[in-house]
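So the sequence lines, in the order shown, correspond to chains V and G. Mind the numbering: the first sequence is residues 0 to 402 in numbering that gives the first Met the number 0, read in order. Mind the numbering: the second sequence is residues 0 to 406 in numbering that gives the first Met the number 0, read in order.
Think of the hints as simulated: they come from the structure by calculation, not from any bench. Please note: incorrect hints may appear among the correct ones.
[Said to hold, decoys possible] When the alpha-carbon atoms are kept at most 16 Å apart in a straight line, the in silico EDC-like pairs for lysine to aspartate or glutamate are as follows: (1) G:Lys252 x V:Asp54; (2) G:Lys252 x V:Glu292; (3) G:Lys96 x G:Glu58; (4) G:Lys196 x V:Asp259; (5) G:Lys95 x G:Asp387; (6) G:Lys237 x V:Asp54; (7) G:Lys196 x V:Glu235; (8) V:Lys394 x V:Glu82; (9) G:Lys237 x G:Glu163; (10) V:Lys89 x V:Asp108; (11) G:Lys237 x G:Glu329; (12) G:Lys252 x G:Glu329; (13) V:Lys276 x V:Asp303; (14) G:Lys196 x G:Glu163.
[To be verified] So the derived list for chain G, only partly shown, Cβ under 8 Å to chain V, looks like this: (15) Ala152; (16) Gln336; (17) Gly364; (18) Pro367; (19) Asn370; (20) Ile396; (21) Ala398; (22) Val400.
All of these numbers come straight from a predicted model, not from anything done at the bench. Think of the CB as a built atom: it goes at the ideal place given N, C-alpha and C, for glycine as much as any other residue.
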Amino acid sequence: MSDGILDGVRIVEWGEFVSGPWTSRLLADMGADVIKIEQPRLGDSARRAGPFPGDIPDPEKSGLFLYLNWNKRSMSLDLNRPESRAVFDKLVLTADVFIENHPPSYLRDLGISYESLQRINPELLMVSLSPFGQTGPHSDYAASELILFHAGGIGYETPIGEVTDRVHQQPLKGPGYQSYFMAGWVAALSTFVGLFHKQVNGVGQYIDISEQEAIASTQRPNVTRYSYAEEVYHREAAGGARFKPCKDGYFAGFGALGNDGMWQKLCAVMGNPEWTKNQSYDNQASRREKAGEIDPKIAEWMMDYTKAELFEMGQQGGLSCFPVNTVEDVYATEQYRYRGFFQEIEHPIAGSYAYPGIPFHFSSNQPSIRVRAPFLGEHTLEILGELGLSEQEIKALQSAEII
Amino acid sequence: MAGLPFDGIRVADFGWVITAPLATLWLATLGAEVIKIESKTHPDVIRAGMHGGIVPGPEPTWHRCGGFNSLNYSKYSCCLDLNQEEARTIGHEIVKKSDIVIEAFTTPIAKRFGLTYEQLKEIKPDVILVSCSSLGKTGPLQNVTGFGPANQAFAGLPSMTGYEGGTPMSMGGTWPDYICGVIMGYLAVSALYHRAKTGEGMHIDFSMAEAVMNMVPGQLLDFQMNGRVAVPMGNSDKTAVPHEVYPCLGEDKWVAIAVHDEVQWHAFCTASGHSEWLTDSRFATFEARMNNRKELDALVASWTATKTASEITETLQNVGVPAFPSVDSEELVNDPQLQHRSQFIELEQYEAGLRTHLGMQGVFGGFPERNYFATPIYDQDNYRVFQDLVGLSGEQIEALVAQGVIN
Numbered sequence: 000m001s002d003g004i005l006d007g008v009r010i011v012e013w014g015e016f017v018s019g020p021w022t023s024r025l026l027a028d029m030g031a032d033v034i035k036i037e038q039p040r041l042g043d044s045a046r047r048a049g050p051f052p053g054d055i056p057d058p059e060k061s062g063l064f065l066y067l068n069w070n071k072r073s074m075s076l077d078l079n080r081p082e083s084r085a086v087f088d089k090l091v092l093t094a095d096v097f098i099e100n101h102p103p104s105y106l107r108d109l110g111i112s113y114e115s116l117q118r119i120n121p122e123l124l125m126v127s128l129s130p131f132g133q134t135g136p137h138s139d140y141a142a143s144e145l146i147l148f149h150a151g152g153i154g155y156e157t158p159i160g161e162v163t164d165r166v167h168q169q170p171l172k173g174p175g176y177q178s179y180f181m182a183g184w185v186a187a188l189s190t191f192v193g194l195f196h197k198q199v200n201g202v203g204q205y206i207d208i209s210e211q212e213a214i215a216s217t218q219r220p221n222v223t224r225y226s227y228a229e230e231v232y233h234r235e236a237a238g239g240a241r242f243k244p245c246k247d248g249y250f251a252g253f254g255a256l257g258n259d260g261m262w263q264k265l266c267a268v269m270g271n272p273e274w275t276k277n278q279s280y281d282n283q284a285s286r287r288e289k290a291g292e293i294d295p296k297i298a299e300w301m302m303d304y305t306k307a308e309l310f311e312m313g314q315q316g317g318l319s320c321f322p323v324n325t326v327e328d329v330y331a332t333e334q335y336r337y338r339g340f341f342q343e344i345e346h347p348i349a350g351s352y353a354y355p356g357i358p359f360h361f362s363s364n365q366p367s368i369r370v371r372a373p374f375l376g377e378h379t380l381e382i383l384g385e386l387g388l389s390e391q392e393i394k395a396l397q398s399a400e401i402i
Numbered sequence: 000m001a002g003l004p005f006d007g008i009r010v011a012d013f014g015w016v017i018t019a020p021l022a023t024l025w026l027a028t029l030g031a032e033v034i035k036i037e038s039k040t041h042p043d044v045i046r047a048g049m050h051g052g053i054v055p056g057p058e059p060t061w062h063r064c065g066g067f068n069s070l071n072y073s074k075y076s077c078c079l080d081l082n083q084e085e086a087r088t089i090g091h092e093i094v095k096k097s098d099i100v101i102e103a104f105t106t107p108i109a110k111r112f113g114l115t116y117e118q119l120k121e122i123k124p125d126v127i128l129v130s131c132s133s134l135g136k137t138g139p140l141q142n143v144t145g146f147g148p149a150n151q152a153f154a155g156l157p158s159m160t161g162y163e164g165g166t167p168m169s170m171g172g173t174w175p176d177y178i179c180g181v182i183m184g185y186l187a188v189s190a191l192y193h194r195a196k197t198g199e200g201m202h203i204d205f206s207m208a209e210a211v212m213n214m215v216p217g218q219l220l221d222f223q224m225n226g227r228v229a230v231p232m233g234n235s236d237k238t239a240v241p242h243e244v245y246p247c248l249g250e251d252k253w254v255a256i257a258v259h260d261e262v263q264w265h266a267f268c269t270a271s272g273h274s275e276w277l278t279d280s281r282f283a284t285f286e287a288r289m290n291n292r293k294e295l296d297a298l299v300a301s302w303t304a305t306k307t308a309s310e311i312t313e314t315l316q317n318v319g320v321p322a323f324p325s326v327d328s329e330e331l332v333n334d335p336q337l338q339h340r341s342q343f344i345e346l347e348q349y350e351a352g353l354r355t356h357l358g359m360q361g362v363f364g365g366f367p368e369r370n371y372f373a374t375p376i377y378d379q380d381n382y383r384v385f386q387d388l389v390g391l392s393g394e395q396i397e398a399l400v401a402q403g404v405i406n
């Protein structure tokens, strides 16, 4: 295995749930030594999120946590207690990067700021993620995935192009924690920019990431639709459902609306049935008018075939088309298996599962999964030892329940 | 513009559509000199007006499409018809003088244009090449092409998106092209970091569909752990109730409300003036509220429907309950928080005039000002690139234009 690009870089992560831990995990995959600070006994809230094997909650078995925290070491430390600060300061002194995603007011209350940490480590790079950013009129607003998704404008256009009754079909959020993942990607990119700058110029800095802003960055074309054409984009149907039912699920890409070349290819794929030989179907504009009679006939033909069969026929016929895969389908997809995307990780308490892995291949220095997610506080003693604390000092922290 | 991290870095940008241009937009606004290598023989579909709004005027739309302009400001443009041998040679000269190369073609086309890693390594051993494609550059489906909707469907996202109990639907935001642009930017910076440290180049092959699956680990692992196949869930959440988008005063106006615990539930009932819900047996516990979710949602909706989304937001945020309007693009552009963070920039665009565009994300203490300037029109920088950088004479350039090599 080749070295990671970030070998030798130390990141201290004080993260909760998804966005902060995702940021540092991406950098951990590149080889960074990530030390995760967790609240003693309680731990990161992702430990309580699941999914859990057999639906039985256990802080060491949460799928979300195990996914977000591989390649890291866990240290328990109660930053709410002033006595923790001496250890925290020692840790910050050894760090190249400090990443956190707590509410801005919480950090203010604890007296943790970039200025205070820079006094300890002048070259520190610090990255904060928060719902709306560190300053500004909404910086202390409460949020969650649902709130961010809609505050970022993408909710208003979801489900895109599918809605026929806007009074009764409300804007939707996407599945899972898309805003938090998006924010984590923006933060990881920004952190790497900070690391590049630090490597070249030897200086750290403070980077302030807003989760609302990250998800709103998907609205780039809607900002210009408004500015260039005075259009307010929404989720109303733009002609026919994107996904049509077939024998074993849903499939996309076959319909009346394509251009003439696509229509001829589609007719060939269907075996040029009699009904397609209608002259009024020969051009795109008239097909658009008659979509109401053409689409049901295509749908009727599709019901005889599975997603996989339709995909193969469509691909061979030169059509851009695709199956609407379920989670079961994606695990069975040969393309993902060939690329080794899903990776089996053994965990002594949770068991062995195939996790979604690394979506890019490097010709050298490949990012990789080196070690499973840590137990809560698994590396506390190891890290305190590295920081040079004596056994006596460690015992004192233990008995005071700081660690 | 002094003191940006990528000052002095030159990018040869052969990418098009959304993902690759967004990746190089990050580099450009942080100081890099991004040279777009385009061709009028095969215009970028976004330049040709595919999305993002068009200022009315005569065809073609090349310089008046908002989608293109907001993905390509702060860059330079030159034109080469890479189907021609001489154009490919000039393309290679640009690569030799660049720090990083970006492309988003399928392998057969990249090969034809001389832009595979093997081809580029021969002319520049330490080249950095970052490639993105729908499903990756290896495997049986490596040459399948598709826009965002295809990628997200292949990755399983629509199967879990839509109204509860309903058919599969798509997320908005031209998902996932815009997120993949951020990821591709991340990959570009990591390769530049590595080269600054070691002097080595590399090739990065990025699969957009795999990146989509990275964002729904809970659903994938629930299948692994419990055999459960995820389906559309609407706005609902297993851990919070009320948790929905409710109608407000006005046409198609909505507010999102998420009540996560008992403290927030008490605050919510009190602030909404419905403390009677606190003693209603249908809503007494979290389990009861979950079981009677539809009834509760109907009651909440009858409260929200009499007020504006901002009134509801202010009332609930004042007592610490997460709430925010489901904003449309007009409201987004006027959002005071995003404005506070300088998210909207005004650029004077050729033919399109002074327009608002989304700026770049993140507030960097080290370099508060980004490098923003207008989107290049086709050909605008032909002399800058072919004469000043590649070293062709004015006569040679004129001849190549006449031959259609520079086109």
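A quick look at each hint next to the structure:
{"no.": "1", "hint": "G:Lys252 x V:Asp54", "result": "37 Å, violated"}
{"no.": "2", "hint": "G:Lys252 x V:Glu292", "result": "34 Å, violated"}
{"no.": "3", "hint": "G:Lys96 x G:Glu58", "result": "35 Å, violated"}
{"no.": "4", "hint": "G:Lys196 x V:Asp259", "result": "53 Å, violated"}
{"no.": "5", "hint": "G:Lys95 x G:Asp387", "result": "14 Å, holds"}
{"no.": "6", "hint": "G:Lys237 x V:Asp54", "result": "13 Å, holds"}
{"no.": "7", "hint": "G:Lys196 x V:Glu235", "result": "50 Å, violated"}
{"no.": "8", "hint": "V:Lys394 x V:Glu82", "result": "13 Å, holds"}
{"no.": "9", "hint": "G:Lys237 x G:Glu163", "result": "13 Å, holds"}
{"no.": "10", "hint": "V:Lys89 x V:Asp108", "result": "21 Å, violated"}
{"no.": "11", "hint": "G:Lys237 x G:Glu329", "result": "32 Å, violated"}
{"no.": "12", "hint": "G:Lys252 x G:Glu329", "result": "12 Å, holds"}
{"no.": "13", "hint": "V:Lys276 x V:Asp303", "result": "21 Å, violated"}
{"no.": "14", "hint": "G:Lys196 x G:Glu163", "result": "51 Å, violated"}
{"no.": "15", "hint": "Ala152", "result": "5 Å, holds"}
{"no.": "16", "hint": "Gln336", "result": "4 Å, holds"}
{"no.": "17", "hint": "Gly364", "result": "4 Å, holds"}
{"no.": "18", "hint": "Pro367", "result": "10 Å, violated"}
{"no.": "19", "hint": "Asn370", "result": "13 Å, violated"}
{"no.": "20", "hint": "Ile396", "result": "33 Å, violated"}
{"no.": "21", "hint": "Ala398", "result": "36 Å, violated"}
{"no.": "22", "hint": "Val400", "result": "30 Å, violated"}
Of the numbered hints stated above, those contradicted by the structure are hints 1, 2, 3, 4, 7, 10, 11, 13, 14, 18, 19, 20, 21 and 22, listed in ascending order.
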